[in-house]
Structure formats: structure tokens, C-alpha cells
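**Student:** The residues making up each chain are set out below.
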Amino acid sequence: MNNGEGRRLAGQAEEEDDEDDVDECGLEAWERAYADERSWESLQEDESGLLRSIDNKALYHAQYRRRLRSLASSNAASRIQKGLIRYLCIVIDLSRAASETDFRPSRMAVVAKNVEAFIREFFDQNPLSQIGLVTIKDGVANCLTDLGGSPESHIKALMGKLECSGDSSLQNALDLVCGYLEQIPSYGHREVLILNSALSTCDPGDIMETIQKCKKSKVRCSVIGLSAEIFICKHICQETGGLYSVAVDESHFKELILEHAPPPPAIAEFAIANLIKMGFPQRAAENVISICLCHKEARGGGYTCPRCKARVCELPTECRICGLTLVSSPHLARSYHHLFPIAPFDEVTPVRLSSSQHKLPKSCFGCQQSLLNPGNRPSLSVECPRCKQFFCIDCDIYIHESLHNCPGCESFRHFKTVSSSEE
Amino acid sequence: MASAPSKLYADDVSLLVVLLDANPFFWSASSLPFSKFISHVISFLNSVLLLNQLNQIVVIATGHNCCDYVYDSSSPASRSAGTGKLSALSVDLLEKLEEFVGRDEKLLKKEPEGSIASSLLSGSLSMALCYIQRVFRSGPRHPHPRILCLHGSQDGPEQYVAIMNAIFSAQRSMVPIDSCFIGAQNSAFLQQASYITGGVYLKPQLLEGTFQYLSTVFGTDLHSRGFLQLPKSVGVDFRASCFCHKKTIDMGYICSVCLSIFCKHHKKCSTCGSVFGQPHSEAASEPNKKRKAGDT
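Sequence lines, in order, name chains C and V.
Residue 1 is where the first sequence starts when you use my numbering, and the numbers rise one by one after that.
Residue 1 is where the second sequence starts when you use my numbering, and the numbers rise one by one after that.
Fair warning: there could be bad hints in the mix.
[Unchecked claim] Each pair of labels, with its calculated beta carbon distance range:
id	chain 1	residue 1	chain 2	residue 2	range
1	C	CYS143	V	ALA184	26 to 32 Å
2	V	GLU158	C	ARG299	53 to 59 Å
3	V	LYS110	C	GLU297	33 to 39 Å
4	V	GLY139	C	ALA343	29 to 35 Å
5	V	LEU228	C	ASP249	43 to 49 Å
6	V	SER75	C	GLU163	55 to 61 Å
7	C	GLU297	V	GLY226	24 to 30 Å
8	V	LEU228	C	LYS309	33 to 39 Å
[Claimed, not checked] Computed footprint of chain V on chain C, listed as stretches where at least three residues anywhere in the stretch have a Cβ under 8 Å from a Cβ of chain V:
id	stretch
9	272-286
10	323-332
11	336-343
12	362-373
13	401-414
Keep in mind that the hints were calculated from the coordinates and are not lab data.
Here the structure is a predicted model, which means the values were calculated and not measured.
Yeah, the Cβ is synthetic: ideal placement off N, Cα and C, and Gly gets one too.
Please take these sequences and the hints and turn them into a complete structure.
**Tutor:** Structural data, given as C-alpha cells:
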């Protein structure tokens, strides 16, 4: 086990709190392994003292609707501009504190796994953006991968070297990142995501100056802490307009990091609107062999750059010969749902249910699932404000998180002509 | 994909969601009459149900003004009617289809302008995906779903964003979208759908043999497709069309704010109103003032 010296920096106060607290928040890591099996704790008493189990589905849906409402209130107008072309640097803290085992098997392993999932989700939602990875080890920040658009190369580099030692240094990381992000074109949005495990930072100079430099370069820094809330991280996020959050356990950490995948609302002065020249290559036939730029070997298939006719294997990419950005139209289409979001559905209130029970539809419009509980009592449902169709709560979650189309509005031509006249 | 020894469903059980094009404007001008086409489809659906006792079929009709479910093989009503399950399919399906076409006609507000009379493919795709999500939620043992579009109407450009959203959602849930296109010219939307989701796109050359095309190419389940040589997609056109002239281009300019595609250099984006080469705040506060510096 760690000796006292190693623990000094990692927050001894936190350890003591864990031992003293007896309620759920202060569980030791080994106790949490049994938390799932304590099924008796998931029972509740209703008004007459009888036991009933928690309705997980309703809870999950209520949580989802709270999240949607908070998102809707922060985007005051429904057509707020979002930063779609993002250049994001992920800073991973590999200092001594990352080997702590309060996140099982270790903070470093949990961070690496979630960063891999985040990278895939990020490129799925932002196909024209790029990511770069930076690590902090022994008080020095090193660039793990350059800014690039291919998820596989980042993930391979990340999983290759996972060892931690030494101190963490926020100032060195921010300096390095600002230096990289200075070189990107002016229409891109510059972002940094710091995954901080340590409780202290060893800086060579004045970190406040570095923060002002970031602010001037219009870099938006967000931090996710794994140990405790730290003032300097909060200050960085406040100054640069980013988001600061602290994870309490592994699933919360996953939620927090995936929140950064969809594009954040654009701060108007940060990026200059510009016309970017892009090419839409045609796919070559399988039997036409040519030497491709990425692997430097002769292959069939692939795409041909429309300007210099060089062959590339996958999209999106930048042609190495002439520098033209090559994309296909589905890549652009992946981001259109951010520009044309659908309105959240309204909950059907119990008052309405009881008053007009015979007029409400019996099944969900999307999946045909019955909206009545056994015993003919209506279950939770939602209604689209435009087409007035009813949906079950599972379809509600699926439609807003994955599909981004309301089946009711799409299935009636009347609503399509109305919507096109609005836009 | 559970590998437990006591699986209820084997690898080759499939859920086939068929999106049937019932657009009157297309069928009135088609060389193959709708009634003949339906008889091909009904024979095909019956043969799919014969392949495996646990196979399920859902049919969604795509009309000009609305879309709706017209047949579900797993719903209790379809099993009790008729002397046997096979005859129930054609009776049920035809009844509901008649009803649907009548409803679709009543909803017609005005004649479609121009020659394009598209059907609401985005609506039926969205409904099919919601149904498939319900099947996924029903537990670890469920049939493997796929979508088959029997479509002939031309692509409606106003549905582009909705169809692409549906395609990406299908790709994430790993649901292949197959298409059997019976119209005159190839449909770019369906070709892209089949390419992105890993499905099969086919435009039969002889419409009188539709049943043969359907049963040889689209009848097999997903597991068995690994052992078959199915038609490969050739020449899927991924080029974009510019927003100003709607012609396909292979090099264009993209607005960094709203990702609209233009073929020529413009000073201002027609979709989002951003002025190029200047920070957003200046453009928003003085939209009409002409600026000499910074004009590109």
C-alpha cells in the first residue's frame, strides 16, 4: 500500500473523510462493489407503508427530461450558433495521482477507456474537427499525437503508453496547447479539455499570465476533475468560458466526458466565418490500381483528389500533395442535426390524461407500443408540439438523442410544407 | 448476440421491416401495375415467414401525404384471423392497404408542383427505426432486424436532412437498409443509405420478375449473407450539390458556420447570414452596412 509520503500530495484529508462517513457518499471503493447487490435499498415505502420497488424507467426518463430542460434553457434561442469546426486538445494527467485506485482499476485506466469512447463519439458528431492528445508527466507536458482527424491513430497512441509518475503541471500543459492551437486557421474553434487527477500543480512561472494568454488567443478550456474541486481549475474555466465539473464515480465521469462531444454554443467573437475550399472526391473502382498517399502502396479502390488526382484511402482527410480538405457529403450531413434541432416533446400531464382518456391514442406513433399500463391506466407519454402525435418515453429518448427526426412531423406532408416555409 | 447455450432465437431469425411505396402519382405512371407488384410482394413475404417459424414481418406504407403501419406479423390480431397464418397475411395486408390509400388521398391538399411527386420516405424510415429500437429493448434474445425499401418514387430534396439523420441512426444501431428500386432512374438517397449501413441496393432490370429478385437477393437473413455473393454497389455518387444552383460539384466552398456548400466564392452566406472574413459580432450588429475593408 502507499506510504504516508506518497499520499501527501494526493489529498490525505479526503482519505480521512472516507473513513469517517458512514452514509452512501463516503463508501470505500471495495464497499461499492457490493452496492449493486443491496437490492433491499432500492425499495421504497408508499403512503400506506407498503413496500414497492423504484420505477427505474420513470426515474431515468425524469433525469433525461431535466437534462433536456437545462440544455434548452442555456440555448436561449433555438437557432443558437454552434462551433462546428473544432480543434480540441485533450490533456491527460499522468502524474502520481493518476495511479490512485479509487476509480477501479486505477484513475489512469478509467480515463484511458473513457477517452477512447469519447474520441469515437467526437468524430461521429464532428466529422470535420480534429483532436490532439497531450500528457502531463513528471511536471512536463508532452505532445502524444498531433492534431489530426483519424480516430484510430489517436487511440493506438494513447493505449500504447500508459504509465504515470511525478507531478502535474497545468501551466506547462496550457503553454504547450496554446502554442499548438495558434497555428490553426481562424475559422476553427479552439478548445482544450483537461482531465485532472492531481490536487496540486507545479508551475515554473505565473499561471495567471498563462490564463490571460489563453483568453487572448480565444482558447476555451474545460476541466473535468477526478479528485476534488480545485480553485485554479475553476478560475481557468471561468476566465476562458469553459465548463468545470468533478466526477464522483466511473459512470458519472463517462457522462461528463461525453457531454463535451456535441458542439458547444459558439462564442461569437471567437471564430471568424470563412469559406473553406473543400473537395468531394469520387470513389475509384476496385480494379483501378494506384499508389495511395497514406500507406504508400499500390491498391485499388479509394478516392481521387479532384484537384491533383492523388489517391487517398479514406475520408475525411487532407490531400498531402495539394492540401485540399477532402470530405464526402455524408460527413457534412452528420452535423446538420446540430443546425436543425427538433423541439423537445411536451409531457402529457395527468390532468389531461384523466379528463380526455377516451380521445387519447392507445399506442405510441413511432413504435406502436401500447401507451396503457395493464389495467387500462395510461402510462407516461409525451406529445410533439408540432404534429400533436403521442410517443412513449423510450421513443422520446431515442428520437432526441440518436434519430433527430420526429416521425410524426416527417410522416405528414402538411408539416413538411409548414416547416419549409418557416425556414 | 448472446452465446448462451439455451438461446431462444438462433442466428438466422430475422425481423424484416418493409417500407412499401404507395405513392399514387408514381404508380399511375409505372409500367408495372400496382396490383401485380403487390402479388409479388405478398408471395415474397409469405416465403420469408416460411423460412423460419420465428421470423417477423412489419410492413409500413409510404404514401404521398402520410405514412402508417399496415401489417405486423407478431400482433395478436393477425394470428387469429383466417384458417391459417399464411392466408391471414394477404387478407390483412390488403385490407389495411386499401384503408391507407383512401386516407392518403383524403389528405391531399394540392397537386404537386412540377414533375416531382415524392413519397415520404423519411417518415417511414423514422417509424421503422423506432419500432426496431423497441425490439432491441425487448431483451437479449431478439430477432436480427433489417429494413427493406420497396421504393419507386423520385427523391424529394426537402427530405435530405431527415433521411441522412435516419441513415446515421441506422448505422449506429447496425441495422442494414436494403433497397429494391423500381423507378426509372437510380435514387441517390437509397444508394447512399445502402452503402453507409452495409445493405444491398438493387434496381431490377425486368420488373415482371420482381418476385425472383426479391427472394434471391433480399430473402436471406443477416447471418447467412456472409456466405452469399450479393450485388455489390458500383458508382455510389458521394459528391455534394451546391445550395445555389443544385448542381453536383466536386470542389466547392463550405461556410464554416453552417456548413452550406457553394460553388463560387460569395461575400455572405445565404443560409446563416454570416459575412465572411469578419468576426461574428460585427456581422450581427451591422448586417446591412457595406464594409470596404475585409471584403474578399
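**Student:** Each hint: holds or not?
**Tutor:** Structure-based check of all given hints:
The given range of 26 to 32 Å is broken by C/CYS143 and V/ALA184, whose C-beta atoms sit roughly 55 Å from each other. V/GLU158 and C/ARG299 have their C-beta atoms about 39 Å apart, which leaves the hinted 53 to 59 Å range violated. Take V/LYS110 and C/GLU297: their Cβ atoms lie about 58 Å apart, and the range 33 to 39 Å is violated. The beta-carbon spacing between V/GLY139 and C/ALA343, approximately 32 Å, falls within the hinted interval of 29 to 35 Å.
Between V/LEU228 and C/ASP249 the beta carbons are some 47 Å apart, a value that agrees with the proposed interval 43 to 49 Å. About 58 Å separates the C-beta atoms of V/SER75 and C/GLU163, a value consistent with the hinted range of 55 to 61 Å. A hinted range of 24 to 30 Å holds for the C-beta pair C/GLU297 and V/GLY226, which are about 27 Å apart. Between V/LEU228 and C/LYS309 the CB atoms are about 36 Å apart, so this pair conforms to the stated range of 33 to 39 Å.
For the stretch 272-286 of chain C, the stated coverage by chain V holds: 13 residues have a C-beta nearer than 8 Å to a C-beta of that chain, and at least 3 were required. A count of 5 residues in the stretch 323-332 of chain C with a Cβ less than 8 Å from any Cβ of chain V is obtained; the coverage claim is therefore met, three being the minimum. Given as covered by chain V, the stretch 336-343 of chain C passes the check, having 4 residues with a CB less than 8 Å from a CB of that chain where 3 are the minimum. Look at the stretch 362-373 of chain C against chain V: 6 of its residues bring a Cβ nearer than 8 Å to a Cβ of that chain, three or more, so the hint holds.
Residues of the stretch 401-414 of chain C with a Cβ under 8 Å from some Cβ of chain V number 11, which satisfies the need for three, so the listed coverage holds.
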